[in-house]
Amino acid sequence: MAVLLYSSWFLSLLLFSFASLARSQSFIGVNYGQVADNLPPPEETVKLLQSTAIEKVRLYGSDPGIIKAFANTGIGIMIGASNGDIPDMASDPNFAKNWINANVVPFYPASKIILINVGNEVMSYNDRNLMTQLLPAMQNLQKALDSADLGGKIKVSTVHSMAVLRQSDPPSSGSFDPSIGDLLKGLLEFNNATGSPFAINPYPYFAYRSDPRPETLAFCLFQPNSGRVDSGSKIKYTNMFDAQVSLKVVSWSIFTSPMRNFLLEPNTFIGKFYAI
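The number in the numbering used here is simply the position in the sequence shown, starting from 1, with 188 added.
I should point out that these hints are in silico values taken from the structure, not numbers from a laboratory.
Careful, some of the hints might be misleading.
The calculated DSSO-like cross-link candidates involving lysine-lysine, where the alpha carbons are at most 30 angstroms apart (straight line), are [as the list claims (entries may be wrong)]:
| # | residue 1 | residue 2 |
| --- | --- | --- |
| 1 | Lys285 | Lys331 |
| 2 | Lys373 | Lys422 |
| 3 | Lys285 | Lys256 |
| 4 | Lys341 | Lys331 |
| 5 | Lys235 | Lys256 |
| 6 | Lys235 | Lys373 |
| 7 | Lys341 | Lys285 |
| 8 | Lys341 | Lys235 |
| 9 | Lys256 | Lys373 |
| 10 | Lys373 | Lys341 |
| 11 | Lys373 | Lys285 |
| 12 | Lys373 | Lys331 |
Estimated spans, in silico, between C-beta atoms of each pair [said to hold, decoys possible]:
| # | residue 1 | residue 2 | range |
| --- | --- | --- | --- |
| 13 | Ala290 | Lys424 | 43 to 53 angstroms |
| 14 | Asp430 | Asp334 | 31 to 41 angstroms |
| 15 | Lys424 | Ala298 | 39 to 49 angstroms |
Glycine included, each C-beta is placed from N, C-alpha and C at the ideal position.
The whole structure should be built from the sequences, with the hints applied where relevant.
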């Protein structure tokens, strides 16, 4: 049975992790959702975040009131274009340009927008047409940023689900789903070429739910456990999160050179963890 931890707040714990060939950096951020009751005004939320060690925040959309509230705070912001925007963004460069002019230009640099996420888990939607439109949409958005002299300052990426992986256990055997391999290769090449992060939602809860071994709960919750040894690499993992990170790194190597950086968005460890 899933353990769900809730509070009256709407901020879900988010760990961003950027790893590069030259250096690595990790930090704690939050997902800022708006689908809830009795939400505090954005200004109050920003003050709360400023009182913590949180350095980054992900918005699921591009609400102008929220983006403005983060002005001059130094908090990095990830904004999002919806799945519904992808077809027009892919087919019409002017749509992408207008999107940047409406959702980025009026707020940057006062509001520290660092990343635009195009769609959410598109490669797991079983909509081949939308999947094929994702990369052109990202490319047009990148060109629009370049035209606005923001190409080197704001990155473009998309968030994937764990379903893009075919093999996941042990981590050393990790591989992407071959049915979407051609599409993923293009996306990974875009990430490498632009220096944008490969973003994925690792959900240890689903691994816990499908694994009946008695130590799995402790393994997923970072609690003391005997650990698990990868039969291929002989590496010992003491938690599911580390194992899932290694899994993605192995999977990338099949399609491309080592990724410059990656971004992990574990919205859950067991169920949905809401912080603050």
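The hints, checked one at a time:
At most 30 angstroms may separate the alpha-carbon atoms for a hinted pair to count; Lys285 and Lys331 meet this at roughly 8 angstroms. Simply put, Lys373 and Lys422 have alpha-carbon atoms about 28 angstroms apart, close enough for the 30 angstroms limit, and the pair holds. Taken as a hint, the Lys285 and Lys256 pair is honoured in the structure, with Cα atoms around 20 angstroms apart against an allowance of 30 angstroms. A hinted pair counts as satisfied when its Cα atoms are at most 30 angstroms apart, and Lys341 with Lys331 qualifies at roughly 13 angstroms.
For the hint pairing Lys235 with Lys256, the CA-to-CA distance comes to about 13 angstroms; that is within 30 angstroms, so the pair holds. The straight-line distance between the Cα atoms of Lys235 and Lys373 is roughly 41 angstroms, outside the 30 angstroms bound, and the hint therefore fails. The hinted pair formed by Lys341 and Lys285 meets the criterion: a straight-line CA distance of about 16 angstroms does not exceed 30 angstroms. Among the hinted pairs, Lys341 with Lys235 is consistent with the structure: their alpha-carbon atoms are about 25 angstroms apart, no more than 30 angstroms.
Proposed proximity of Lys256 and Lys373 is contradicted: the alpha carbons are some 36 angstroms apart, above 30 angstroms. Distance check on the hinted pair: Lys373 and Lys341 sit about 24 angstroms apart at the alpha-carbon level, within 30 angstroms; holds. Restraint check for Lys373 and Lys285: satisfied, since their Cα atoms lie roughly 25 angstroms apart, inside the 30 angstroms limit. Distance hint between Lys373 and Lys331 is fulfilled; the C-alpha atoms sit about 20 angstroms from each other, no more than 30 angstroms.
In this structure the supplied range 43 to 53 angstroms holds for Ala290 paired with Lys424, their Cβ-Cβ distance being about 50 angstroms. For Asp430 and Asp334, the Cβ-Cβ distance of about 36 angstroms falls inside the hinted range of 31 to 41 angstroms, so the restraint holds. Distance hint for Lys424 and Ala298: a CB-CB separation of about 47 angstroms, consistent with the stated range 39 to 49 angstroms.
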